[in-house]
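2 protein chains.
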Amino acid sequence: MEHMKRSERLVIMTRVLTESPNVVHNLSEFCEMFDVAKSTVSEDIDLISGAVSLSGKGRVDTISGAAGGVMYRSFYTRDDACRILSDIALVLSMPGRLLPGGFLYTSDVASDPKYTRVMGEIVAQKYFDKLPDFVLTMETKGIPFALMTAQALNVPLVVARRDSRAYEGSAVKINYLSGAKSEKLDTMAISRRAVKAGQKALIVDDFAKGGGTLKGMCEMMTECQIEVIGVEVMIKTLEPKEKLCENVWALLELRGTDRLSGSCDVAVDENYMPA
Amino acid sequence: MEHMKRSERLVIMTRVLTESPNVVHNLSEFCEMFDVAKSTVSEDIDLISGAVSLSGKGRVDTISGAAGGVMYRSFYTRDDACRILSDIALVLSMPGRLLPGGFLYTSDVASDPKYTRVMGEIVAQKYFDKLPDFVLTMETKGIPFALMTAQALNVPLVVARRDSRAYEGSAVKINYLSGAKSEKLDTMAISRRAVKAGQKALIVDDFAKGGGTLKGMCEMMTECQIEVIGVEVMIKTLEPKEKLCENVWALLELRGTDRLSGSCDVAVDENYMPA
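Protein chains in written order, with my numbering: chain A, 1 to 275; chain B, 1 to 275.
Since the hints were derived computationally from the structure, they do not count as laboratory data. Keep in mind that the hints are not guaranteed to be accurate.
Given that identical chains are not distinguished, each listed pair holds provided it fits within a single copy or across any two copies.
Capping the alpha-carbon separation at 27 Å, the derived lysine-lysine pairs in DSS-like fashion look like this [unchecked claim]: (1) LYS57 x LYS181; (2) LYS38 x LYS5; (3) LYS184 x LYS57; (4) LYS114 x LYS196.
A quick note: this is a predicted structure, and the numbers were derived from the prediction, not measured.
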């Protein structure tokens, strides 16, 4: 791609950077791509960095040193994140979402790339500097949200299963107490080759009521000698206040349900974003 | 965002377009965003469109008419797609992936955002003009690939479950024959509110051997009066050649396994990309 105009380089570099979030690109990668001097690439990067900051959805940072280069990370301001999450809370609070048994219907939101992508990016920005090796979730409903978080962090996703499967090879399998009142003994399995002792895990799931499944995932990580650097869910219930798993962060909070109108009160969790 | 330089507009517009694939943006959206004339935005779009074509990974198309505007779609040339898929086939053919029982370990690749994103984009480009309303997959392993396909097409993802769940509301539930020799009767359920009669579905899954699960998904769609516009999997086995489900397209083909070396022969499916 020789002799491109600056405008063309800017478009292509913007794509390369934003499509591979949290990846360090050495400037020489772009020098070779466009056959231009490092100083030219540096000027291009400065322009991109400034424009990305103006757009308010991400940051382009320059990392100095031998392994240095330039890197894009999604980044939302507190106001933007609150606005996005409020819109999602509004969708989840619409009448007709309350199901028999008092459950809130969330499957459409939890599997929509449009919603899960921004929520995953909002979660990811808390963990860039904690360097997770992978994101862990429990099948099924949390997978899209966890995948988008993993994408923003540029790490793999590991999915725990309700049971070990022949096509996942030898497994680590634990028993854990699930249900809001820890009344049920469940099993959880992950493929042994999916993780390594000494790694760091970020746990991401769609919903927390009692917190038993999240606690199970933490126990699974202990079993595998892996450090848990955070536990994040899309929605947690206000009650019970004390979850079985400690330090659960939730983007949204289910505050209550109204059986008469069939609606639920979902709001942004005010503890989520530091003021 | 008034009085920006062209270079800044190009960076921001490139992000807006590529982050919302298959979405028509009216030019007035950009006129308002930057407070510039339509002719200026048109010139910017032409520059972006040219540069995106040069990068060879997507297209920016202009749609004329009242509902017109500009739209980004991922698009890989046959050569680029083959190169990307060959690299993934190579990862899957590495020694040590053959599990007891003759299964191929694919979970890491099937849940990695890096791999599933490009595979989802490659699948999506066949279906832009067929206007699917949603992507359907069966839990669990196909979800990341299906989600990325849905993202590239800008449609929701619907996940069929092995059983209906109280937190998904009333369900459509069918029985289907699974296993390579149709030897097992399984059930499959989807939430009734996830789909509507008259819609079009694109079925996406991770693996096809006998094809029973794919056939089950097709039958589920018939039950819901929904048209299936395509059936796509990441990997299909060479044997049995005749799958229970007709017209299954696979990006990759599992040609054979070698128990002695523990390796599998995975290659790009030559029928996939029209020459």
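Each hint, compared with the structure:
1. LYS57 x LYS181: neither (40 Å within a copy, 51 Å between copies)
2. LYS38 x LYS5: both (15 Å within a copy, 23 Å between copies)
3. LYS184 x LYS57: Neither: 43 Å inside a copy, 49 Å across copies.
4. LYS114 x LYS196: This pair counts as between: shortest inter-copy Cα distance 20 Å, intra-copy 32 Å.
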